Amino acid sequence: MFSRKQSSQASVSSDMINKQKRYEVLVLALHSDIFRYAYWLVKNKAVAEDIVQETFLRAWKSLDSLKDEKAAKSWLITILRRENARRFERKQFDLVDIDDVSVIDEQLSNEIEIEHRELRTIMASLSEEYREPLMLQIVFGYSGDEIAQQLDLNKNTVMTRLFRARNQVKEALDKSNDNRGRKNG
Amino acid sequence: MDELEFRRILYADPNCTDAKILAAIASDPKKQQFCKELRQLDKKIQQATQIEIPADLVHKLMLRQTMESHKSSKIRNRIQLATAASIAFVIGVSFTMWQQSNLLDLSKQAIAHVRQEGGYALDAQENISLQQVNAKLATFGGEFSEDIGRVYYANFCDFENVRSLHMVLEGENGKVTVFVVPHSDTYLTEGSSSEKGYSSQAIDLKRASIIVVGEEGVNVNGIQERLNQKIHFSA
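From first to last, the protein sequence lines stand for chains A and B.
At position 118 of the first sequence the residue is numbered 118 (the numbering used here), and the sequence of numbers has no breaks.
At position 5 of the second sequence the residue is numbered 1005 (the numbering used here), and the sequence of numbers has no breaks.
No wet-lab data here; the hints were simulated from the structure.
Be aware that one or more of the hints could be misleading.
Simulated pairs of lysine to any residue, SDA-like, Cα-Cα distance not exceeding 20 Å [unchecked claim]: (1) B:Lys1020 - A:Phe163; (2) B:Lys1071 - A:Phe163; (3) B:Lys1071 - A:His116; (4) A:Lys21 - B:Ser1069; (5) B:Lys1043 - A:Thr121; (6) B:Lys1071 - A:Phe140; (7) B:Lys1044 - A:Ile17; (8) A:Lys61 - B:Ala1138; (9) B:Lys1071 - A:Ser14; (10) B:Lys1060 - A:Glu83; (11) A:Lys61 - B:Ser1072; (12) B:Lys1043 - A:Val47; (13) A:Lys155 - B:Asp1018; (14) B:Lys1044 - A:Asn84; (15) B:Lys1044 - A:Gln168; (16) B:Lys1060 - A:Leu57; (17) B:Lys1043 - A:Gly144; (18) A:Lys45 - B:His1059; (19) A:Lys170 - B:Leu1063; (20) A:Lys61 - B:Lys1043; (21) B:Lys1060 - A:Phe163; (22) A:Lys45 - B:Ser1069; (23) B:Lys1071 - A:Ser109; (24) B:Lys1230 - B:Ala1138; (25) B:Lys1036 - A:Ser14; (26) A:Lys170 - B:Leu1004; (27) A:Lys21 - B:Leu1004; (28) B:Lys1060 - A:Val47; (29) B:Lys1043 - A:His116; (30) B:Lys1043 - A:Arg58; (31) A:Lys73 - B:Ser1199; (32) A:Lys170 - B:Ile1075; (33) A:Lys170 - B:Lys1136; (34) B:Lys1044 - A:Ser14.
These numbers were taken from a predicted model, which means no experiment stands behind them.
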């Protein structure tokens, strides 16, 4: 009786170690993507960090429900979007600190940096329903079908939103180029 | 496919792998240029959105999880401890109750002793002096300070595995048996009984119990009191 109890305890703790390892791998592999997703969802670094922490905490608690590691990213995004929605239930924020984010490409030339900053401002100005599928497509490499599944939307709706998103980005870029041209000319 | 439709599809997905779209791109340098520009824009957006990750984020995520699992394991430990403590408590209480209900009732045991022994001690006609009685009683640290009347019999006997003093004294109307039994946890040390023609009374004194057994009708109480006054135990 006692030896059986011991072995079951040992397997419980080895389960815990396994879970711990899975969690660490998950964090290391996906925290950057998840943080960037959160950031572009809420456009605020501090809030994004909070949401990411909540997301991973919830992920830890229900890690056993994640069967397929390949599905981990979309599983985390689902949790993250739910956490974000929860935040809106609590309080409505309107936080934009898009100008003070520093980006990794600091060694890039001034011109490209300016261009990137402009793109970030444009991205931030997109409404969420356009920005989110665009991020999934460009940053996460999701196909139209995958985006539709992740956001729980019809594929045609997704494609329309992607089209409008790029259209708006293009228009905004052309407008600022015109302005710059006029100033220069 | 018209121009508008083409642009619409490519705007939605610049990396579209639809055969018709790919054919249209291949056949028209202008469309090729358009497609290339779109893909470049995607690349720029991709680069622009790669904001810096807070350096300590990984550690924070690990820490939160460690705290969380520590917290929950502590709660689990507390529950386990509480369960173990409750079980131990219940076992302790029920054992004590069981033990008490199984305590040997000295007064009953004394009657049984006398009955079983029959006439051996009761028929004895010795006249044992007080000194002799006290010498035996000294084993239990006791002493009679005054004369207790005629002592017909006084000897050690086995009282449920406890060495005790068995005496037969002269009572007011007939012989009575007196046991002096040192304290033991398994006894119910006080009480009185009467069964099968005998009555008995046990009383707890400082270091031993005294049980008086007489035939029914004998005033065991009176003898008990008389003995209580005369017996003394050294501290």
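Quick one, are B:Lys1044 and A:Ser14 close enough, alpha carbons at most 20 Å? 46 Å, violated
Taking 20 Å as the top limit, are the C-alpha atoms of B:Lys1043 and A:Arg58 close enough? 33 Å, violated
20 Å limit on alpha-carbon distance, applied to hinted pair A:Lys170 and B:Lys1136: This hinted pair is violated, its Cα atoms lying about 118 Å apart.
Straight-line Cα separation of B:Lys1043 and A:Val47 no greater than 20 Å? 27 Å, violated
Tell me if the straight-line CA distance from A:Lys170 to B:Ile1075 falls inside 20 Å. Answer violated: A:Lys170 to B:Ile1075 is near 56 Å, above 20 Å.
Has the given pair, A:Lys45 with B:His1059, been kept, meaning a C-alpha gap of at most 20 Å? Holds, at roughly 17 Å.
Decide if the proposed pair is consistent with the structure: B:Lys1071 and A:Phe140, CA atoms, cutoff 20 Å inclusive. 35 Å, violated
20 Å limit on alpha-carbon distance, applied to hinted pair A:Lys170 and B:Leu1063: Answer violated: A:Lys170 to B:Leu1063 is near 43 Å, above 20 Å.
Is the straight-line distance between the alpha-carbon of B:Lys1071 and that of A:Ser109 20 Å or less? Outside the cut-off at roughly 49 Å; violated.
A:Lys21 paired with B:Ser1069 [C-alpha distance capped at 20 Å]: With a Cα-Cα distance of about 13 Å, the restraint between A:Lys21 and B:Ser1069 holds, given a limit of 20 Å.
Need the status of pair A:Lys61, B:Ser1072: alpha-carbon distance at most 20 Å? 10 Å, holds
Given the hint that B:Lys1044 pairs with A:Ile17, does the C-alpha gap stay at or below 20 Å? Measuring from Cα to Cα gives roughly 41 Å; hence the hint is violated.
The structure fails to meet hints 2, 3, 6, 7, 8, 12, 14, 19, 20, 21, 22, 23, 25, 27, 30, 31, 32, 33 and 34 from the earlier list, while all remaining hints are met.
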